[in-house]
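Participant: Each chain, written out:
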Amino acid sequence: MRNVRVLCVLALLLAIGTVSVLAAGQVLLNAAGATFPYPIYSKWFDQYHQTHGNVQINYQSIGSGGGIRQLLDKTVDFGASDGPMSDEQLKTASVPILHFPTVLGADIPSYNVPGVQTDLNFTPEALAGIFLGKITKWNDPAIASANPGVKLPGDDIVVVHRSDGSGTTYIWTDYLSKVSPEWQSKAGKGTSVNWPVGLGGKGNEGVSSLIQQTPGAIGYIELIFAIQNKLPYGKVKNAAGVFIKADLASVSAAAAATSKMMPEDFRVSITNPPAANAKAAYPIASFTWLLIPSKFTDATKRDVVKDFLKWMITDGQNSVEALSYAKLPKEVVAKEMKAIALVQ
Amino acid sequence: MSARMIWRKSLNLFMLSLTALCALLTVSALFFILGYLMYNGGKDLSWNFFTHLPAPVGEEGGGMANAIVGTLKLMLLAAVIGVPIGLLGGVYLAEFGGKTMPFLIRYTADLLNGVPSIVIGIFAYALVVMPMHHFSTLAGGFALGIMVIPTVLRNTESFLRDVPRALREGSFALGTNKWRMIATVVLPAASRGILTGVLLALARVAGETAPLIFTAFGNRYWSPGWMQPTSSLPVIIYTYATGPYEDWHRQAWAAGLVLLGLVLLTNILVRTFLGGGTSYERS
Amino acid sequence: MATTPNATTPADFAWSPRALLRRIQDADEIAHLVTLIAAATLLLITVLLVYQLWVLSAEARAKFGWSFFVTQTWDPVSGDFGALTFIYGTLVTSAVALFIAVPLGVGAAIFLAELAPPKLSSSLTFVSDLLAAVPSVIYGLLGVFLLVPIMRTSVQPFLKHTLGFLPLFRGPAYGIGFLTAGIVLAIMIVPFVLSVSREVLLAVPRDQREAALALGATKWESTAKVVVPAARIGIFGSVFLALARALGETMAVTMVIGNNPKIAASLFSPGYSIAAVLANEFSEATGNLYLSALIELGLVLFILTFILNGLARLLIVVTTSRGSGVLPT
Chain E
1 MRNVRVLCVL ALLLAIGTVS VLAAGQVLLN AAGATFPYPI YSKWFDQYHQ
51 THGNVQINYQ SIGSGGGIRQ LLDKTVDFGA SDGPMSDEQL KTASVPILHF
101 PTVLGADIPS YNVPGVQTDL NFTPEALAGI FLGKITKWND PAIASANPGV
151 KLPGDDIVVV HRSDGSGTTY IWTDYLSKVS PEWQSKAGKG TSVNWPVGLG
201 GKGNEGVSSL IQQTPGAIGY IELIFAIQNK LPYGKVKNAA GVFIKADLAS
251 VSAAAAATSK MMPEDFRVSI TNPPAANAKA AYPIASFTWL LIPSKFTDAT
301 KRDVVKDFLK WMITDGQNSV EALSYAKLPK EVVAKEMKAI ALVQ
Chain U
1001 MSARMIWRKS LNLFMLSLTA LCALLTVSAL FFILGYLMYN GGKDLSWNFF
1051 THLPAPVGEE GGGMANAIVG TLKLMLLAAV IGVPIGLLGG VYLAEFGGKT
1101 MPFLIRYTAD LLNGVPSIVI GIFAYALVVM PMHHFSTLAG GFALGIMVIP
1151 TVLRNTESFL RDVPRALREG SFALGTNKWR MIATVVLPAA SRGILTGVLL
1201 ALARVAGETA PLIFTAFGNR YWSPGWMQPT SSLPVIIYTY ATGPYEDWHR
1251 QAWAAGLVLL GLVLLTNILV RTFLGGGTSY ERS
Chain A
2001 MATTPNATTP ADFAWSPRAL LRRIQDADEI AHLVTLIAAA TLLLITVLLV
2051 YQLWVLSAEA RAKFGWSFFV TQTWDPVSGD FGALTFIYGT LVTSAVALFI
2101 AVPLGVGAAI FLAELAPPKL SSSLTFVSDL LAAVPSVIYG LLGVFLLVPI
2151 MRTSVQPFLK HTLGFLPLFR GPAYGIGFLT AGIVLAIMIV PFVLSVSREV
2201 LLAVPRDQRE AALALGATKW ESTAKVVVPA ARIGIFGSVF LALARALGET
2251 MAVTMVIGNN PKIAASLFSP GYSIAAVLAN EFSEATGNLY LSALIELGLV
2301 LFILTFILNG LARLLIVVTT SRGSGVLPT
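Chains as they are written, first to last, in the working numbering: chain E, 1 to 344; chain U, 1001 to 1283; chain A, 2001 to 2329.
Hints are not guaranteed to be accurate.
Claimed, not checked - Derived BS3-like pairs (lysine-lysine); straight-line CA-CA distance at most 27 Å:
| # | chain 1 | residue 1 | chain 2 | residue 2 |
| --- | --- | --- | --- | --- |
| 1 | A | K2262 | E | K137 |
| 2 | U | K1009 | E | K230 |
| 3 | E | K134 | A | K2160 |
| 4 | A | K2063 | E | K186 |
| 5 | E | K338 | E | K260 |
| 6 | U | K1009 | A | K2219 |
Claimed, not checked - Residues from chain E that keep clear of chain A, each with C-beta distances beyond 10 Å, as calculated:
| # | residue |
| --- | --- |
| 7 | Q50 |
| 8 | I135 |
| 9 | K151 |
| 10 | A275 |
| 11 | K279 |
FYI, nobody ran anything at the bench for these hints, they're computed from the structure.
No residue lacks a Cβ here, since even glycine has one placed at the ideal position from N, Cα and C.
Model the full structure from these sequences, guided by the hints.
Facilitator: See the structure below:
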């Protein structure tokens, strides 16, 4: 008799769990991908939920590589990546995937050097040398020559990179491949590369965490992660020879310098803009994209996605600067508004 | 006393003290872990923590309500999937069965028990998530359920075997069928031990992270029903601990305390009041 | 058309509704069948698991063959994958863990089995069992925030200073790396070494000890020269069991090992283990070859733990059955 009662209780619990399904009209979307824009995405999805109470967009920041893969496996409704999908990847998708730029951000070299509080200047050669493992100490001439007057210790450099498939890595290696032929041949560009040296952290979060905790560390993270966690970050010399620190102005300048190059499908690289029109441009900036399938089987989900995209390129843009991401240029917004119609 | 004797006696004392030290070190590890977690995690346990959903990244004030509920749901599902199979399989081994089949089953149970949980996670991904095209509580519960089966099965068999023959024969003498005898006489007699095994197995899977990373995935909101991804305590601890935000670190400690408390409390209560499990549960 | 339970003519086995109903009421066959199906489900799941691992890793196995096990590269960009760095990392961290955990665990087991009064022995074993129940992610949490800073600021510099002439202890002290992962693993597997060793020691018949003591041996001599040798096969079994656990540990290791697929002589260096790379890269491996290579790693891990667990159980069963005459479950 007691067993029967126990079984009844279990059955009741099971029923409760099952019945707590979505209330009528509730829409739950699952998305995954880049950690680079995670702070602004989590803010956006929260804001959108506040104003559209029946919509919940569950975004998991697992890295751009994860976003692409889960999108291709169709286990999420849409993905996000700061490295645009390659042609081979797009071929394997069952429906065409559309790229929608969301914000502009920057990969910055953040570091934890004992005794150094100021902003360090990095030349492209220095960055390539550090990440290739050829420059191993902080007081190496390649770094010291760009930072006269700064007392650099003789500590070892601890390189920190991503252990997961990452769009942030794509942006960084894209830049290094452009400025260093040696890097191009040794490692190349991609969301996951064969790193010559360094520790691996998971996500921008993991890399920031390692930099925080490891004296002598240097790693590449998105700007907001350095700001939110009060990590120092350096200036990078751009193609015009100016040492630029990443901020709203310099990132927007990078986008402006390359705006003529924006293709129809929005897949563009804006790292290392050429000197001619880029004196004030930060050389390691990038768009980041939402990867949206062009065909949805569920009409409700499709409508929510389209509405969110419209909101994102209009109202949503008002929250990005508070988190140190730059707004999308006006021409891009106009193009995107037209492209939203392609989602069916 | 000869010098040799003194040497032997001192060696004796020395080595035995050394082993006592080993035992002390091992045992004190648990108290240290518990104490440290209570100190670090206890500070941040608050009403907020238990009732709020996570806040946007970088903002304070979020909580873990959905992770706690998620873990409970996963455990329930693991029980529903794993316990019937384990229980009935254990009955088969103890009451029915000949030579080869039981040997094969026992061997397979040991095999499955030793499989690293990450491999089970991969299996559940391939079997449940990919065909369904969806991360879900179901997939997570399935992975955990698989881990529960071998423990429950061997444990049930062990306790059923311990039931004295006299009970069975008495039941037969009264004219019952075999299945009636099992259901109404033998199982109740072994129920304490079986329950021990079930609860210990569930406590073990409550803390598993690896199988959930690619099955239950994660969720910033409440997970309705069983078909949506869900947050869970172990996964959120992992996510927050490897992140840079101070707020996340504090929450990770608090969640760690809650998880550890859940697991240890179950173990202590079960082992004290229902009698210890067999050494099988330790593996 | 009714048949009686004791009928023996062919009509007995008529499948008429009445006959069927009567058989169901007897139901022993049903019970047999149902429980058999449950047990067989276990077999089915395991077979399916092995099958999935085998089939999904086919592409990588076909492309790399045996060279997969001796290739160091792990390059998703060019599609060149090799398991050597992960196997190395897994083995090194496990070796460090065993080096610490086995003396500690066996020593503690000797104390509990030979010296401690029974009440103390069982309550301390109880505590050790609780230690075994602590989830892996909690060890990871403590590892990242407590152990890693200590390693970086105190332990590793100390080792470098004193033992730095060995290639094992050279290089910068990051705090994370093989050594730290090995230490965390050691704490996790000590309870297994302890509980199994204790049981095999207890299973050695009393008369062995008493014979040694009667000959004038000290307690330690009786333990070291008589009891432990008699139980040593079982103790090896406990070591294999602990090793199998250590190989499969994922979360605690991935949080403190450094996630860098490199082979290095120094224990201070960051590395990678099979379980850790699976946790980090599985959900994002784009491309079938990449995924297939990861699953092949999973297959390797599965086979390793399978062999070790099998050996372990064999050794433990042999020792305890010989000792006490009763087979453990």
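Participant: Run every hint past the structure and note whether it holds.
Facilitator: Evaluated hints:
With a C-alpha separation of about 20 Å, the suggested pairing of A/K2262 with E/K137 holds against the 27 Å cut-off. Proposed proximity of U/K1009 and E/K230 is contradicted: the alpha carbons are some 61 Å apart, above 27 Å. For the proposed pair E/K134 and A/K2160, the alpha carbon gap of about 24 Å is at most 27 Å, so the pair holds. Distance restraint check for A/K2063 and E/K186: the Cα-Cα separation of roughly 23 Å lies within the 27 Å cut-off, and the hinted pair is therefore satisfied.
Between E/K338 and E/K260 the CA atoms are separated by roughly 18 Å; this keeps the pair inside 27 Å, and the hint holds. Taking the CA atoms of U/K1009 and A/K2219, the gap is near 9 Å; set against the 27 Å cutoff, the hint holds. A cut-off of 10 Å between C-beta atoms confirms that E/Q50 is not in contact with chain A; the least separation is 29 Å. Residue-level check passed: E/I135 sits 14 Å from the nearest beta carbon of chain A, beyond 10 Å.
Every Cβ of chain A is farther than 10 Å from the Cβ of E/K151; the closest lies at roughly 20 Å, confirming the non-interface assignment. The claim that E/A275 lies off the interface holds: its Cβ sits roughly 29 Å from the closest Cβ of chain A, which is beyond the 10 Å cut-off. For E/K279, the shortest C-beta to C-beta distance to chain A comes to about 33 Å, beyond the 10 Å cut-off, and the non-interface label holds.
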